[in-house]
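These protein sequences, in sequence, are chains A and B. Converting from the first sequence to our numbering requires adding 4 to each position, the first position being numbered 1. Converting from the second sequence to our numbering requires adding 100 to each position, the first position being numbered 1.
Any given hint might turn out to be false.
Stated by the list, open to error - EDC-like mimics (lysine to aspartate or glutamate), calculated; alpha carbons at most 20 Å apart, straight line:
#1 164/B with 188/B
#2 141/B with 15/A
#3 101/A with 152/B
#4 166/B with 187/B
#5 109/A with 20/A
#6 155/B with 100/A
#7 141/B with 20/A
#8 109/A with 35/A
#9 164/B with 127/B
#10 114/B with 159/B
#11 197/B with 35/A
#12 106/A with 49/A
#13 197/B with 100/A
#14 120/B with 163/B
#15 7/A with 159/B
#16 197/B with 19/A
#17 166/B with 122/B
#18 101/A with 159/B
#19 155/B with 122/B
#20 109/A with 70/A
#21 106/A with 159/B
#22 7/A with 70/A
#23 197/B with 49/A
#24 120/B with 188/B
#25 164/B with 122/B
#26 106/A with 15/A
#27 141/B with 188/B
#28 164/B with 152/B
#29 141/B with 86/A
#30 101/A with 19/A
#31 109/A with 19/A
#32 7/A with 86/A
#33 197/B with 122/B
To be verified - If the Cβ cut is set under 8 Å, some of the chain B residues that face chain A in the computed set are:
#34 134
#35 203
#36 207
It should be emphasised that the hints constitute simulated quantities derived from the structure, not laboratory data. Backbone N, C-alpha and C fix where the C-beta goes; we use that ideal spot for every residue, glycine too.
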Amino acid sequence: DAKTTQPNSMESNEEEPVHLPCNHSTISGTDYIHWYRQLPSQGPEYVIHGLTSNVNNRMASLAIAEDRKSSTLILHRATLRDAAVYYCILLEGGSEKLVFGKGTKLTVNP
Amino acid sequence: GAVVSQHPSWVICKSGTSVKIECRSLDFQATTMFWYRQFPKQSLMLMATSNEGSKATYEQGVEKDKFLINHASLTLSTLTVTSAHPEDSSFYICSTKGARGPYFGPGTRLTVT
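Input sequences plus hints: build the corresponding full structure.
Right, dumping it as structure tokens:
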């Protein structure tokens, strides 16, 4: 499985933007970039995913580098409810099997 | 999107007993479901792939005789932890296919005393 590298932790202030980086230098052409987040004692929650182009939804934006070897999840205005562990995962097209790395623990300060 | 439920949400059992955890796909027929385990302060570890109507496939290091998986219908997969021991205490999470990608259940907290 292609692997991703994320910082162990990041900190942000409430209502400020947050940029969560992810490196995936061994990504293949058919791998989608998925982001999930997990709040304490809950199952992971889908955030966003993309293949080549930048993506936006009501939760976040995903900026994908032109060479696809890295991506950034952008939370435009962090809230206290965004405090979670964020996982960047590569998923081969058509596959449903997610392999989790360690993720980034995001702390949001009031 | 798909909604996935798990039952029970938490369970405490005595060492040596067996515990069954259910995973239901509420609005999506799932030929494949996945079971994960998560220890405190660690990431999710894939245990096995549950296949409707056939045997589950287990990840390396996961004992198939200890973690019995049954996927008898397109909406239900069960994980039975047999002869549970304290080291099996963990957070068990299932996932299934959704419109945008895999969706996860809320998890089941198992504590073995």
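Inset, instruction - For the pair we were handed, residue 106/A and residue 159/B, check the Cα-Cα distance against 20 Å. - result: Since the Cα atoms of residue 106/A and residue 159/B sit roughly 18 Å apart, the hinted pair holds (cutoff 20 Å).
Inset, instruction - Decide if the proposed pair is consistent with the structure: residue 155/B and residue 122/B, CA atoms, cutoff 20 Å inclusive. - result: Answer holds: residue 155/B to residue 122/B is near 17 Å, not above 20 Å.
Legend entry - Holds or violated: residue 114/B to residue 159/B, with C-alpha atoms at most 20 Å apart: Outside the cut-off at roughly 26 Å; violated.
Inset, instruction - With chain A as the partner, please determine if residue 134/B meets the hint condition of a C-beta pair closer than 8 Å. - result: holds (6 Å)
Legend entry - Holds or violated: residue 164/B to residue 122/B, with C-alpha atoms at most 20 Å apart: holds (17 Å)
Inset, instruction - Take a quick look at whether residue 155/B and residue 100/A sit within 20 Å of each other, Cα to Cα. - result: holds (17 Å)
Inset, instruction - Would you mind confirming whether the straight-line C-alpha gap from residue 7/A to residue 86/A stays at or under 20 Å? - result: violated (24 Å)
Inset, instruction - Mind checking the alpha carbons of residue 7/A and residue 70/A for me, to see if they're no more than 20 Å apart? - result: holds (18 Å)
Legend entry - Pair hint outcome, residue 141/B versus residue 188/B [Cα-Cα no greater than 20 Å]: holds (15 Å)
Inset, instruction - Decide if the proposed pair is consistent with the structure: residue 120/B and residue 163/B, CA atoms, cutoff 20 Å inclusive. - result: holds (16 Å)
Inset, instruction - Return the status of the interface hint for residue 203/B: holds when the least beta-carbon distance to chain A is below 8 Å, violated otherwise. - result: Cβ of residue 203/B sits 7 Å from chain A, so the hint holds.
Legend entry - chain A contact restraint on residue 207/B - CB to CB distance below 8 Å: holds (5 Å)
In summary, the numbered hints that this structure violates are 7, 8, 9, 10, 16, 20, 30 and 32.
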